[in-house]
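Colleague: Each chain, written out:
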Amino acid sequence: MTIIQTARYDMAPDTIAIVGGVVLTEEGLVRADLVIEHGLITALGTDVVLPEGATVLEAKDCIVGPGFVDLHTHLREPGKEQAETIATGARAAALGGYTAVVAMPNTDPVLDSAFVVRAVLDLGAVSTCEVAVAGAITVGRKGESLAPIAELAKLGVQLFTDDGSGVQHGGVARRALDYCRGLGVTYAEHCEDNAIAAGGVVHEGEWSAKLGLPGQPASAEEAMVARDLLLAGELGARLHLLHLSTSGSVELVRQAKHAGINVTAEAAPHHFTLTDAALESYDAVFKVNPPLRPEHHVQAIIDGFADGTIDAVATDHAPHTPETKDLPFDEAPPGMLGLETAFSLTFERLVLGAKMSIEQLFAVMSMNPARIAGLDAASSRPYGHTPHGKPVAVGNVANLVVIDPEATWTVEGSSLASLAANTPYEGRTMHGAIRHTVLRGEPVVLEGKATR
Amino acid sequence: MNKPHLLSINDLGRDGIVEVLNVAESFAEVERRTMKKVPALKGKVVATLFFEESTRTRLSFETAAKRLSADVLSLSVASSSVKKGESLKDTLKTIEALGIDAVIIRHRSSGAPLQASRWLEDISVINAGDGWHEHPSQGLLDAFTVRQAWAGDLNVDPKETGAELFEGKRIVIVGDIAHSRVARSETLAYKALGADVVLCAPATLLPKDSVNWGVEVTHDLDAELGSADLVSVLRLQAERGGGECVPSLREFNADFAMTEKRMGALKAGARVTHPGPMVRGVEIASEVADDPRCLVTTQVTNGVAVRMAVLYLLLTGGGTQELEGGGK
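Listed in order, the protein sequences are those of chains A and B.
Per this note's numbering, numbering of the first sequence is gapless, rising by one per residue and ending at 452.
Per this note's numbering, numbering of the second sequence is gapless, rising by one per residue and ending at 1328.
Accuracy of the hints is not assured; some may be wrong.
[Unchecked claim] Selected chain A positions facing chain B (Cβ under 8 Å, derived; list incomplete):
(1) V19
(2) G205
(3) E206
(4) A209
(5) G212
(6) L213
(7) P328
(8) F329
(9) E331
(10) Y383
(11) D404
It is worth saying that the hints were derived from the structure and are not from the lab.
The structure displayed is predicted, hence computed values, not measured ones.
Ideal placement from N, C-alpha and C gives every residue a C-beta, glycine not left out.
Pulled out of the complex, with its shape left as it was, chain B reads as follows:
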């Protein structure tokens, strides 16, 4: 029997997403303790396999696994046989032979984690970002972060709110949608939770079929600011060809960057998120990045709890006993 995977937000659905967010709330509490470790995944082995460089996602996943007491194998592609011409399939088979329970994969090719899930017999595959396709744990932690902020505004326990706080909310995702895996995961997550999603970018940075995604599509950020409850700012993916899709960074910045002036146009209580890494002065102004309404550092902090929840749910099936019995 194949183990469950997290390859796309679509693997979860609304209830699945809410479950991850709620379990993550419990782990966030664990993180506030002095002893941050729980034995939930003791004896389990988790491997990270990053074919693309990443600092925050890899560290976040490895920290999450360690806090759950899992053993972590960290395969660095630079020093592995991949550089010697070994195929993805053989690399995966090698890791499988080491007896692991889950593998966390980042790859520059869309679909590589899904292919990996077909090639591996009894290992959970977690997509840590594949090409332009998806980055589901990022979509989850972004949803977790904004739910927490909105719950805080109302002084309620986020766990008690389920998906309620997303109902009727207007979420604008702005920037290089076409080349962004975060855009796809966020769109799927926010839509599943009941929010209205607006994609905002120049025509050349929007996937051609995104008008059929059940979202609004616009090229006018300024027109959205007064009604947005959340603006999710995305980087221009220069390394994936995003730079060629606009005449200049100056022109992109003029119409699609979150500037101080645009912060001023937001309605009260609106938030800004950014999945990082930020390029200050291009898609986000320094003043915006450092504004308390911008949740970027909270996102990084929450990444660990959300990834703990993902690992925990995939590897234990979600029985709460082990979690509650965690170390104090």
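If we strip away everything but chain A, and leave its shape as in the complex, we get:
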């Protein structure tokens, strides 16, 4: 535990206690109080003695569990700091119950060099959420020559993706998968075959036809899912599939897992809570890539979570300034905010709506993504992180979230911590809220408010 001595813990009070809640432990959900000293959980139970002077976090009627981990966050810094910065994105993450996020590489400059990755990790280290980096697979995300994957892996980068677009050339994808396999890091794909997508800005179907918007078929995603599964199976490489959105993709992954291919998959809350019927308004706040799909695809995503085909909820948090979203639909950039609404949406749709357990919610929002991102164990790399996604236990670093399943709140884009306000859920009443978030023993969110 030498890592606990680093300067990162300066913000944590000496002692805090979380009292009155139900805690997700290795034995499941149990009623317990817990004490955290110098960032570590030191006592857990119903009979713990609260140390004098401890900062007390009330958790009555709430659930205490490991902080969430987002596999897919666009923090926009460097390059688009008007839409989001690492600091504001990390604050939004903390308010959403996240203690770690993986920053996507489609920044400007692209996260394809050690120099830029170090800068992002440096800024992340002082923010209210641990920031890991997904490095680009190819230089400039151009899909041509491989980025310095080994050099970035030495900085602790565990996921590599050209997210924002898929690697179009099958030969480049195969070489990158193979190279990643040798380094023990994970190749993650944004599945979209550009030639099949043919410039479509919405899902091809009823609504693209009615609205006269260029559509992209589900097969544009599924073709690349199938290609990558074949390549990963052949090479024995580890593959992670980003933001799956179609029934065919879910079925392909389901079969691949049965066949023993080393694949994991994520899906975004908007793909299991919204359909392309929302496009009727031509409001570009509903423009996202992959696009919103019809109900049967939405249901397939939910089924994919229910049977474990989809491993993780990932936000694809994509802030955009108002002026870029106030454009004609086909000209506006794709993407929507997600960090602060992901928990409530997952709770509503998968727990209340699809009968998933709270333990399963923590599996898809914390344990599984932490494992996929390699954030489940402490890192000894120069830009190390603390372990995330572990059941609450004495001796663990206190990366925790306290959720209130009974609370309701109303989404208001302008009140969200993100600099941008492009939430597709404006005005919607949400069930379930984040009450506290604790990062390495520091309450970064207290009673639903960011503390710094």
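Once you have looked at the hints, place chain B on chain A.
Modeller: Below, chain B without anything else, positioned relative to chain A:
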């Protein structure tokens, strides 16, 4: 309170369409007078805002507005701040600040006029064609033109027929349906009026979901000719990617163009329309374009009366007093 808009044929419904067609008949009479102007929209300001080049639609709308005595502001995108990077929203806000009553918008992006209607407080928005989506005034003037022709065949006043003449009629829309805003507006208008609509195109030029539009879908034009009451011929939208959807213009022409031979296969009394601009020799043969059964020039003439009706109904709510009191 937001003013009424015309963004889609769906904004009107059958009764609304018939109302436009009937009011347009009255304006068509005005057009036959020596003094073609009526004071119906005196004091109103109408702006045309065309982000895509167009000759006939813009001229048609501006002529219509002027015949109703409205003041017309014509914003040319080429010479405006749009070229300097101003957003659609800001351009609209600027026009709004000039105090206008209606704005007529053409834009290459589907949905732009609907977005404009959300961004503007108290201005009627008229869609003059948005991307692949709709071109409602074209759909209306096409319906007006064929109703007039059919009424003429029976020697009855079109106004007295309402939507009757469309009942049971078989209308074939042929060509690049996928990239055509006219196809969507015509389909909605003709269906609302009670006609049976057949969409005819190669599979790659049909919107993927059009089989669920309550229309028949076919790839065989020749099989339709004997039963069609109207063939609406659409251009191949090369600038919107239509050209890549067929192997060659030659092949498109062979199966989907209205040729002289196909004119011969039409049943008696059948008509042909084309929203223009025509590409003679591609989707329509010269002989067909110049055939009296082809209504293309009548469509252009009628465009003014129909657009007068649209402007009049949107901006006055349709009280007939001002119309009847028009100049002689």
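Colleague: When the nearest CB of chain B is found for F329 of chain A, is that gap smaller than 8 Å?
Modeller: 5 Å, holds
Colleague: Report holds or violated for the interface hint on Y383 of chain A, using the least CB-CB distance to chain B and a cut-off of 8 Å.
Modeller: This hint is violated: Y383 of chain A lies away from chain B, its Cβ roughly 40 Å from the closest one there, beyond 8 Å.
Colleague: If you take the shortest Cβ to Cβ gap from D404 of chain A to chain B, is it below 8 Å?
Modeller: 35 Å, violated
Colleague: Against chain B, is E206 of chain A within 8 Å by beta-carbon distance?
Modeller: Holds. Min distance 5 Å.
Colleague: Holds or violated: the hint that A209 of chain A contacts chain B, with Cβ atoms closer than 8 Å.
Modeller: At 4 Å from the nearest chain B Cβ, A209 of chain A passes the 8 Å test, so the hint holds.
Colleague: Can we keep the L213 of chain A interface hint, with Cβ of chain B closer than 8 Å?
Modeller: OK, holds: L213 of chain A within 8 Å of chain B, min 5 Å.
Colleague: Measuring from the C-beta of V19 of chain A to each C-beta in chain B, is the shortest one below 8 Å?
Modeller: Constraint on V19 of chain A not satisfied, violated at 49 Å.
Colleague: Using the nearest Cβ pair, does G205 of chain A come within less than 8 Å of chain B?
Modeller: 5 Å, holds
Colleague: Tell me if the interface restraint on P328 of chain A is satisfied: Cβ within less than 8 Å of some Cβ in chain B.
Modeller: It holds, given that the least Cβ distance between P328 of chain A and chain B is near 3 Å, below 8 Å.
Colleague: Is the shortest C-beta separation between G212 of chain A and chain B less than 8 Å?
Modeller: 3 Å, holds
Colleague: Hold the hint about E331 of chain A up to the distance rule: shortest CB distance to chain B must be less than 8 Å.
Modeller: Check passed: Cβ of E331 of chain A comes within 6 Å of chain B, closer than 8 Å.
Checked against the numbered hints listed earlier, the structure breaks hints 1, 10, 11; every other hint is satisfied.
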